[in-house]
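Position chain X against the provided structure of chain V, taking the given hints into account.
2 protein chains.
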Amino acid sequence: MKRVVIVGMGFGGVRAARELAGQGLEIVLVDRNNYHLFQPLLYQVATAGLEQESIAYPVRAMARSWPGSRFILAEVSGADLDARQLQTSAGDIPYDYLIVGGGSVTNYFGNEAVARHAFDLKKLADAEQLRNHILWSCEKAVAESNPERRRALMTFVIVGGGPTGVEFAGALIELVHYVLSKDYPELPAREARIMLIEAADRLLLAMPEKLSAYSARKLREMGVELLFGRKVTGATAETVELDGSDTIAAHTLFWSAGVCAAPLAAKLGLPQAGGGRVPVTGQLSVAGRPEVFVVGDMALLQQDGSPLPMVAPVAMQMGVHAAKTILAREWQRPITPFRYRDKGSMATIGRSAAVATTHGLSLTGYPAWLAWLLLHLYYLIGFRNRTVVMLNWAYYYWFHERQVRLITDNERNR
Amino acid sequence: MKRVVIVGMGFGGVRAARELAGQGLEIVLVDRNNYHLFQPLLYQVATAGLEQESIAYPVRAMARSWPGSRFILAEVSGADLDARQLQTSAGDIPYDYLIVGGGSVTNYFGNEAVARHAFDLKKLADAEQLRNHILWSCEKAVAESNPERRRALMTFVIVGGGPTGVEFAGALIELVHYVLSKDYPELPAREARIMLIEAADRLLLAMPEKLSAYSARKLREMGVELLFGRKVTGATAETVELDGSDTIAAHTLFWSAGVCAAPLAAKLGLPQAGGGRVPVTGQLSVAGRPEVFVVGDMALLQQDGSPLPMVAPVAMQMGVHAAKTILAREWQRPITPFRYRDKGSMATIGRSAAVATTHGLSLTGYPAWLAWLLLHLYYLIGFRNRTVVMLNWAYYYWFHERQVRLITDNERNR
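Residue numbers (this note's numbering), protein chains in the order written: chain V, 39 to 452; chain X, 39 to 452.
Next comes chain V alone, as it looks inside the complex (with noise of 0.2 Å):
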């Protein structure tokens, strides 16, 4: 029985594995964490909205019910492509064909100083030590007599106006405003700012202009402050320097404004271009290794002229198409190349305000949020995680409230 080898339990693997199981092939599941981790609410639990749980899942409750499919808990830490196995640290695993969805991390672009002081939103851990530090940072501010210090503490710069710094914007500024000013009656909240900043000009730009328009005024109603055509490029613990002269004194930097390959890329030997990504041919596999498949943010196939986005719609469709290659010539049946089927995009800002794009037509404010709610529900995996989400958002829509307001380490930031 020949054997493929899925690396990244992300929407690439999961798709692939779902749609090799049964099929009379061997799959073996590696991921360095026991879940899938549904990255686009991340941002909720930052924003004490989700408690982490609902949004990962166990991949051995999804192994279950894939047939000749079985879970090892490993990290990758490199492969012998001639020989075809991979090195890991659960031993060498040896594989037929090899499937790598190993996702991305967020580029700095060099930026040391930044890398050092700024949050950023790709790890469960990651999201659950944001919302630490943002309720920290109230306690302190509550302790602190003096109003520049206290000012600093209760500024929160977003770099990025992607759909993930539009996203969190929103959910900070609604959190501060509807729950935060209850809770800490000490703080006046309209000392609390809340910064985007783009170095384009204009948010979102994957969307139409008027999308753009609609997310930046309702930002702006909502009280973030826009700033456009600038780019952070420093950062200590207590300030954010922008285009090299500005010095903004906020102790919360969250960087959105860049993601790059996975080292996992390096790691395999694979060949490497822009942004780290492993060029890929139309059969979703590597220049003269027609059994190693890549997907996902990871790999970089261009489409009409330019490169596929890194979003997770392009990951589960490359995940179904490299599994369906790989059956296809088991079978000896002929398969067409990989081409991305777009459906569209959203964001969401706010209560009841999200913009979305699909198939030329656009949608702003209610039927766009609603469109958002409802697909987002549609793909977190998992009954229970799908209840717990609804219930924790009807929760947040008719009490205002959010009540993942836990600080977890405390011990780190005294």
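Mixed in with the good hints there might be a few duds.
As the list makes no split between identical chains, a pair holds if one copy fits it or if it spans any two.
Derived lysine-lysine pairs resembling BS3-like cross-links, with alpha carbons at most 27 Å apart [claimed, not checked]: (1) Lys178 - Lys161; (2) Lys305 - Lys40; (3) Lys381 - Lys256; (4) Lys178 - Lys305; (5) Lys256 - Lys269; (6) Lys178 - Lys40; (7) Lys220 - Lys40.
If you're looking for bench data, these hints aren't it; they were derived computationally from the structure.
Same frame as chain V, now just chain X:
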């Protein structure tokens, strides 16, 4: 306005604050965590049944409805009892009345090897750490080819046949048999070994003998090995030593064989007696310091010839009584000395199996289990937490599934 400082937002501190709120006193709440923790359900977090967020409730959320109160997140370092000043990491806090409810910590009776290797359940982080360890042991067992080492990885030794030991043993064996057996088809579930060791000759010493017998029979039916009249005297990372001689190969040791007052009692310079507890008068204050009250596990009070047990109901009643004593003094009204009204005790063993005793009445099986469920839901603070916990329980009851099977500290264990 006179100021009451309450240290510790456990069962005692919360009840005291609730009682004092809105009575014209200034109430300062101090805790090193920003949440009240529902400790009786920690074992369910440790056995993947509940997310940690569902058994913790932010102090500031409670304090909103307590007029005259404010919260300070701080670690208490000492006190100048003569000057009526509390020393904390957030500075000195003067008081007119002080209520201390610092709770208890695990007592290893000076056995350093056991203290180093054993797990306990006192803090929220303990539960997450124990869950991670249990799941990691399974992952390691899957990868282990040596049958003896695999058996050691799957051997869990629980010390102490009190409610915590009994509830954890029952929840753990159900986790293994109902859930992990499906997650790890590679592991023979019968290979898992759960041992409960009690130095006395029966479980649940505080309950009538027939309930002890029922509990022992139930646990044995479920597959737990019970050892009576034995003591754990030593431990390494991979072994547990019994009575100074026998050695059990086991990678997990859970200790619930003793508690003592939290180190806070010593830090405050209060007099200490057995188990580090602070002897209190019938007014729950310290002899010679009528303005200093100690409540809960930390307080030592004899009633009918024996010290009151270190359990949540005692802490709650003490918290209320300390608050009432302060109000009585302020209003120059008489107040009777504290007297604990024992409403009974209970422990759950497994699905539809629990024991309960109240007013001389003994319950077992389904009625006791239902009473346990309802009472724990009732005492859990927060509508959302109750809903999430109820949902988890219903889900587990119907689907035999516990969803929080996440390993969240994979770096540490690898």
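Structure-based check of each hint:
1. Taking CA atoms no more than 27 Å apart as the test, Lys178 paired with Lys161 passes in both settings, with 26 Å inside one copy and 23 Å between copies.
2. With identical chains, the CA atoms of Lys305 and Lys40 are at most 27 Å apart within one copy only, with a shortest distance of 24 Å there and 65 Å across copies.
3. Proximity of Lys381 and Lys256 under a CA criterion of 27 Å is satisfied intra-copy only: 24 Å inside one chain copy versus 55 Å between copies.
4. Taking the shortest Cα distances, Lys178 and Lys305 sit within 27 Å of each other only across copies (24 Å), while inside one copy they are farther apart (42 Å).
5. Taking CA atoms no more than 27 Å apart as the test, Lys256 paired with Lys269 passes inside one copy only; the shortest distance there is 22 Å, against 66 Å between copies.
6. Proximity of Lys178 and Lys40 under a CA criterion of 27 Å is satisfied inter-copy only: 25 Å between copies versus 58 Å inside one chain copy.
7. Proximity of Lys220 to Lys40 under the C-alpha cut-off of 27 Å is restricted to the inter-copy arrangement: shortest distance 25 Å between copies versus 60 Å within a copy.
Hint compliance for this structure: no hint is broken.
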